[in-house]
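So the sequence lines, in the order shown, correspond to chains A and B. Following this note's numbering, the numbering of the first sequence begins with 1 at its first residue and continues without gaps. Following this note's numbering, the numbering of the second sequence begins with 1 at its first residue and continues without gaps.
I should point out that these hints are in silico values taken from the structure, not numbers from a laboratory. Source: prediction; values computed, not measured. Cβ coordinates follow ideal geometry from the N, Cα and C atoms, glycine included. Warning: the hint list may mix true and false statements.
What the hints assert, rightly or not - Here are some of the chain B residues that sit facing chain A, going by a computed Cβ distance under 10 Å: (1) 4; (2) 37; (3) 59; (4) 60; (5) 102; (6) 106.
Unchecked claim - Here are some chain B residues pointing at chain A (derived, C-beta under 10 Å): (7) 12; (8) 33; (9) 39; (10) 41; (11) 79; (12) 81; (13) 83; (14) 91; (15) 92; (16) 100; (17) 101; (18) 103; (19) 105.
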Amino acid sequence: GDSVTQMEGPVTLSEEAFLTINCTYTATGYPSLFWYVQYPGEGLQLLLKATKADDKGSNKGFEATYRKETTSFHLEKGSVQVSDSAVYFCALSDEGYGNKLVFGAGTILRVKS
Amino acid sequence: DGGITQSPKYLFRKEGQNVTLSCEQNLNHDAMYWYRQDPGQGLRLIYYSQIVNDFQKGDIAEGYSVSREKKESFPLTVTSAQKNPTAFYLCASSIGQGREKLFFGSGTQLSVL
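Build out the structure end to end from the sequences listed, making use of the hints.
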């Protein structure tokens with residue numbers, strides 16, 4: 001079945017460091033890919049998405065590129081801030097899975113000042 | 001402001017007791033979802049509903065029940081048959097069931113006394 005694998009956390013960085021959170025997926029169809037962010041005690045918010053190969057989603061300085069050849073959708077940010085500390089979830093939506101969202105396990109990011 | 005409201009924020013269940021988690025949305029969305037979040041396991045789909053008076057089981061429906069009598073409401077009952085109910089429960093909605101953005105509530109933390 002469809003699945004999403006994320007790098008394990010927590011990831012701890014100093015402010016202004018470069019961030020990469022790896023995400024790879026397995027899907028039966030041609031999925032759309034998403035990154036959601038969860039701040040402490042809250043629900044999830046959509047951070048960015050991409051719907052076809054080579055699309056780049058971007059928002060708030062975060063970027064991710066849909067790589068069909070490597071089945072990946074890695075999240076990057078050039079300079080993280082303390083306010084970026086949160087849990088980041090990679091997810092996919094696939095016609096072969098009824099278009100329901102499948103989430104990865106989440107990666108905790110901690111940014112120190 | 002439009003959004004999704006979950007209540008209560010914290011809920012405690014005694015052995016053998018059924019408890020109901022509330023989810024209300026004023027976004028006029030057709031589709032609504034319930035997810036369970038456990039540490040290190042990401043989000044798992046419990047139930048979803050595409051239209052009023054219709055709902056389908058997700059991946060972990062055993063021990064849970066739902067109803068969808070009104071478009072704006074999708075309550076989740078955690079029954080006594082759910083032997084490990086302690087988790088963070090998230091309700092979400094989307095315009096339709098497709099490759100679309102999910103809007104999440106702020107969650108309910110359920111614990112067993």
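*Hint by hint, which ones does this structure get wrong, listed from lowest number up?*
4, 7, 11, 12, 13
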